[in-house]
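Student: Protein chains in written order, with this note's numbering: chain S, 1 to 762; chain D, 1 to 157; chain R, 1 to 285; chain H, 1 to 81.
Be a bit skeptical, because a hint or two may be false.
In silico SDA-like pairs for lysine to any residue, Cα to Cα no more than 25 Å straight-line [to be verified]:
#	chain 1	residue 1	chain 2	residue 2
1	S	Lys413	H	Glu71
2	S	Lys633	S	Pro697
3	R	Lys49	D	Glu70
4	S	Lys195	S	Glu357
5	R	Lys49	R	Leu9
6	R	Lys284	R	Pro86
7	S	Lys423	H	Pro39
8	S	Lys131	R	Met1
9	S	Lys172	S	Lys195
10	S	Lys256	S	Glu606
11	D	Lys72	R	Asp61
12	R	Lys260	R	Lys49
13	S	Lys754	R	Glu185
14	R	Lys83	D	Lys91
15	S	Lys761	R	Ala248
16	S	Lys134	R	Val44
17	R	Lys260	S	Pro19
18	D	Lys91	S	Glu357
19	D	Lys72	R	Arg56
20	D	Lys91	S	Arg18
21	S	Lys248	H	Glu48
22	R	Lys23	R	Ile57
23	S	Lys573	S	Pro584
24	R	Lys36	D	Glu70
25	R	Lys260	S	Lys195
26	R	Lys49	D	Asn11
27	R	Lys256	S	Asn675
28	R	Lys156	R	Pro171
29	S	Lys633	S	Glu357
30	S	Lys131	D	Asn11
31	S	Lys131	R	Pro42
32	S	Lys751	R	Gln251
33	R	Lys49	R	Ala22
34	R	Lys233	R	Pro171
35	R	Lys227	R	Asp200
36	R	Lys36	D	Asn119
37	S	Lys175	H	Leu62
38	D	Lys72	D	Ser157
39	R	Lys36	S	Pro440
40	S	Lys134	S	Asn682
I should point out that these hints are in silico values taken from the structure, not numbers from a laboratory. Just so we're clear, the structure is a prediction, and the values are computed from it rather than from any experiment.
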Amino acid sequence: MSTTVKYVERDLKVVGTRPLRPDGVDKVTGRARYGADYNLPGQLVGLVLRSPHAHARIKSIDVTAAEKLPGVKAVVTRDDFPDMPVEYAAAGELTINFRDVTRNMMAREKVLYDGHPVAAVAATSESIARKALKLMKVEYEVLGHVIDVRDAMKADAPVLHEDQFTVGVEPKPTKPSNVAKRLVFGCGDIEAGFKKADLVIEREFNTKPVHQGYIEPQACLANYTEDGQVELWTASQGHFTLRAQCAKVLAIEVSKIRVIPTELGGGFGGKNNIYNEPLAIALSRKSNRPVKMVMTRGEVFRATGPTSGAQVKVKMGCTKDGRIVAGEAELNYQAGAFAGSSVPMASMCTFTRYDLENVRVVGHDITVNRPKVAAYRAPGAPIAVFAVETIIDEMAEKLGLDPIDMRLKNAAKEGTQTYYGPKLGAIGYIDTLKKAKEHPHLTAPLGPNQGRGIATGFWFNIGNETSTTLNVNEDGTVTLMIGTIDVAGGSRAAFAQMVAEELGIPYDKVRPVVGDTSALGFNFVTAGSRGTFATGMAAVICARQAIDKLRERAAAAWKVPVDGVIWENGFAKPASSNVGDFEPMSIAQIAKTAGRTGGTIAGHAEINAQGAGPGFGTHIVDVEVDRQTGAVKILRYTVIQDTGKAIHPAYVEGQFQGGAVQGIGWALNEEYIYNKDGRLENPGFLDYRVPVASDVPMIDTVIVEVPNPNHPYGVRGIGEVPIIPPMAAIANAIYDAVGIRMQEQPMSPPKILKALETAAKH
Amino acid sequence: MARAHVTTTINGDVVDFLCEADQTLLSALRDELRMTGTKEGCGTGDCGACSVTIDGRLVCSCLVLAVEVEGKAIDTIEGMADGENLHPLQKKFLEHAALQCGICTPGILIAARSLLERNPDPSETEIRYWLAGNLCRCTGYHKIVEAVLDAAREMRS
Amino acid sequence: MRYEAPDTLAGATAILAANAGAKILAGGTDLLVQMKSDMADPPVVVDVKKIPELCRITLVDGAYRVGAAVTGMELVEHAAFAKTWPGVIDGVKLIGSVQIKGRASMGGNLCNASPAADSVPALIAAGARVEIVGPQGKREAAVEDIGIAPGRTSLKPGEMVVAFLFPKRPPRSGDAYLRFTPRTEMDIAVVGAGISLALDAQGTCTAARVSLGAVAPRALLVDAAAKALIGTKLDAAALDRMAAACSAACQPIDDKRGTKEYRIKVAAVMATRAAEIAMDRARKS
Amino acid sequence: MARIVLASNLNPFAGGTTELTLEVDDVYRLFQALAARFPALEPHLEHEVAVAIDGEIYQDVLFQPIGPDSEVILIQKIAGG
């Protein structure tokens with residue numbers, strides 16, 4: 001069964017206010033402990049030997065010299081891990097295949113990208129571990145490699161996986177291919193749709209992979225004891241899924257692994273998967289010592305998941321009055337070394353902001369010699385939306401329509417049939433467009449070489465498996481044990497607010513704590529913008545259970561039926577004067593004697609939350625283009641998004657602002673640069689250019705609240721949508737400023753300058 | 001190789017530790033002294049998470065050798081609050097929701113304090129350029145800049 | 001690795017002479033990164049920050065002498081120097097973040113011999129010279145003669161740069177440095193241009209030096225660009241000739257930070273804009 | 001009989017079938033029936049497929065009831081970063 005708690009409108013005291021976050025003081029004083037901040041007595045330092053090649057067969061691995069080095073306590077290679085059959089499980093982004101997972105964490109037959117792990121060592125110091133890596137001898141047979149999807153799709157391309165045949169093609173192919181999967185989504189009759197069109201625009205767009213760029217490199221500490229128990233401290237977005245993955249690839253029973261989540265120094269989708277964790281456990285098992293492994297920034301860039309780079313071809317048709325009659329797209333997404341890109345998600349949100357009769361989207365999931373991609377905030381959507389929102393801008397311009405009016409004319413609303421299946425429920429897309437039209441940003445004057453662009457985004461959002469426990473302590477304060485990681489957005493504050501609201505007690509009487517894997521039942525990763533929605537729902541269920549028990553205790557004390565007791569503002573009260581004249585009992589009064597009136601008052605929720613409300617946003621951006629250097633400056637930026645309900649508006653704004661700035665980085669300067677040998681040229685923050693404070697302006701925010709009917713407070717996920725529109729919005733603003741349509745990301749100065757020169761020649 | 005003995009002052013306390021000659025100050029703080037409030041984000045001076053001050057000068061502790069700080073005075077995030085009284089910047093960061101994941105926060109607070117010591121009334125632009133060496137991937141910087149402006153205002157009055 | 005921190009020039013040169021492969025540690029912002037990435041593995045690191053001559057800023061007869069290990073922030077905060085050599089400060093200000101400048105020095109920026117070093121074109125334009133000590137005693141050299149290729153200098157084994165010697169500033173003179181990077185900060189120059197010039201009372205340019213960074217294996221002193229300015233009123237035509245000379249002087253490479261074609265074009269843009277700032281400063285000085 | 005619609009990405013695994021009617025009262029039985037009829041679809045049902053029952057999306061909810069007149073659309077499972 002699934003669980004949904006319906007929205008009921010009511011007056012709110014705590015929800016919607018801006019209290020200090022529970023983890024705040026620890027974070028401003030340096031007390032908060034992240035993955036690399038944990039240490040155990042006797043711990044060893046673990047390091048990884050990585051492939052220098054983009055694609056090579058491993059002929060032999062000789063670690064004997066490394067093992068003999070004094071201070072080296074354990075070395076592991078592919079031989080230390082069981083091979084895995086093809087078996088799928090859910091991780092952050094779609095599904096993972098354990099056969100690939102075990103090969104990604106430690107190469108087996110072949111190395112498939114620069115940075116692919118080949119061996120790992122645990123030693124008494126970092127310098128000894130570094131020396132040990134240099135003593136390892138790996139013999140490679142270097143193979144031809146392929147970095148770009150366009151090359152990977154060619155008939156004569158080097159093939160990464162000889163056993164990979166394109167799924168989704170009939171008849172089943174007989175030749176292995178880098179195209180792992182072909183997906184088709186659609187509705188209506190695309191050819192008939194284009195026949196109705198007065199204007200058809202077809203364009204190709206190409207983007208590079210970008211990295212989540214979290215500031216905390218992956219870090220973990222594993223302690224394998226002689227009785228086969230494992231303790232693992234690690235910074236991830238989901239300690240339960242991490243436990244499941246480690247148990248699987250190490251063939252250890254789930255109950256023997258206890259994962260203690262640390263504070264997470266950013267994830268954005270990039271910390272749903274195992275990398276060093278199983279290696280640290282294996283090294284600890286072999287050395288009988290705790291092993292700590294912290295990635296360098298270079299390792300983070302070379303070997304953890306960026307998002308896909310892609311080739312996207314979009315063709316759209318509309319009538320003279322701006323009604324879109326057909327939308328067709330081909331999405332060719334990099335999966336990295338193993339199948340499983342975000343192309344299914346991207347295919348489903350390419351056109352989903354619009355109510356379209358005729359749609360066809362073909363997606364290809366393509367393996368290339370790059371690190372396996374991971375989720376990154378609205379996985380895949382920004383790329384496809386870059387294409388579609390740019391073409392809509394061009395259509396509006398050619399038809400002489402206002403770009404917001406054109407979107408309003410086609411906008412999805414409640415009841416709109418999506419091309420991937422269901423109809424949309426209550427959504428706030430039109431509301432965000434209308435707010436954009438009213439916003440003073442839209443009419444502010446622009447100077448020479450300045451331009452304004454708008455674009456919109458949609459994300460599904462999810463709920464899923466969630467366990468939460470609430471205990472009313474003996475003094476009437478409340479401890480809320482949650483199992484979804486606070487991935488940064490302040491979700492602990494939001495949970496405490498919802499529980500305080502339910503119980504009618506002050507916010508600071510509720511202490512939310514993220515429990516380890518032994519404290520709660522399974523929780524799915526904090527991804528898909530599900531945290532505040534799903535755990536919020538679970539926390540409300542817990543609180544309501546506790547309220548029922550509080551009422552029962554008061555009823556017993558007053559010797560009245562439970563129905564005769566109501567819960568109001570933190571007190572049990574008689575439901576009416578008919579029940580009797582009793583002094584209201586506070587939560588503290590009831591809690592004080594709870595041990596003697598039946599035991600601790602608690603609430604539990606072990607649910608599979610459903611009914612996540614889709615999120616929509618509209619962005620407005622002003623840019624200035626330097627015609628002589630091609631540099632683009634962001635002058636002004638406004639994010640308008642439907643949140644359902646902003647439980648803690650300051651952290652909602654924070655999500656909007658942070659997502660927008662990540663999108664700005666993606667649009668302008670972030671990219672993976674590979675050389676001709678398939679080696680990553682910019683694995684550091686100096687040349688992988690995430691925006692710095694002086695690169696961006698203040699980011700204005702407008703919160704729209706169209707409640708999600710399937711959440712007690714109307715919450716929708718909000719974290720994904722803000723990264724979707726920036727690329728397209730900025731491209732549209734660049735066009736408005738200097739008349740060039742950018743179809744390549746990043747829209748970096750050399751590309752802009754070239755486009756300006758090409759335009760000047762024509 | 002014999003480890004070097006270093007005596008220094010950290011957050012006002014005289015502290016001594018042993019380190020290897022090529023060990024960084026960041027590593028000495030975190031691994032020898034277990035002062036883990038100072039964070040490592042890149043190890044190459046590009047992110048600012050490891051910011052500390054040495055004799056009042058803002059630096060990346062990942063690009064300082066631990067042996068270099070003999071006789072110097074180091075200030076880290078652990079010394080920013082005065083007992084249980086948070087520094088105005090710390091308070092304003094909390095009030096303005098100027099932190100999310102928090103991994104960059106210690107470095108940004110140290111850098112922001114260093115700015116306000118030199119310039120008690122910085123403009124938005126001055127704050128943005130001063131903090132350009134401190135990457136934050138969560139907030140988009142908006143609320144950080146607001147918090148610094150507000151803290152500066154409060155500290156001036 | 002051994003760490004040495006001599007407090008005299010003689011002590012430092014003796015250690016350098018006795019240890020082949022020894023590296024000088026000033027700010028360490030390049031050296032430590034190289035050591036961490038296994039690009040450098042020196043047997044001895046010589047910390048020169050305890051040597052007084054390397055850490056002082058002095059003014060003698062109106063001419064500045066800046067120790068090679070003076071940190072970027074010390075120089076930026078030296079109001080009088082900044083007023084005299086704003087272009088040098090433009091360059092120094094761009095050496096990384098405040099944190100990096102809290103350690104990094106012009107000596108290190110020069111001797112690391114990156115063609116993209118931000119202070120170097122400004123120093124070359126300023127006509128700065130360096131004082132060098134080594135096993136053969138002291139010598140002087142022009143800044144433009146130090147870096148010869150990426151990572152390589154003309155310094156002989158055991159030699160080290162002690163200080164930068166700036167010329168006396170004539171009246172009606174100004175300098176400027178501008179670089180192009182995709183980000184506003186925390187970036188390596190794709191192109192850098194430093195210009196220093198002097199005007200006579202009528203506003204005619206009497207002297208000029210133009211230097212470009214990141215467009216060749218070493219920072220360039222572009223005489224042809226300077227000649228295009230000297231004797232003119234710095235009118236648009238003169239600036240165009242100067243810009244063309246800059247583009248012509250470029251011998252860039254394609255790399256992850258920029259293409260040849262882009263560097264050649266933007267060199268002209270940066271030089272023109274730097275010249276306009278330098279002109280403005282000269283007229284106001 | 002519930003009306004079962006296969007989103008276009010799943011058609012290839014069901015021999016091109018886009019729509020059918022089935023006598024099933026929950027998702028578990030629906031998946032069983034589909035696996036029996038379309039063996040190629042079976043491996044996709046467990047980890048890649050969500051259902052929309054009368055417009056509401058359900059993921060990983062085997063015992064969700066399906067009414068006799070329900071419309072059930074099989075769709076790609078959804079996640080995020």
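Student: Looking back at the numbered hints, which does the structure fail to meet, lowest number first?
Tutor: The structure breaks hints 7, 9, 11, 12, 14, 17, 18, 25, 28, 29, 30, 36, 37, 38 and 39; every other hint is satisfied.
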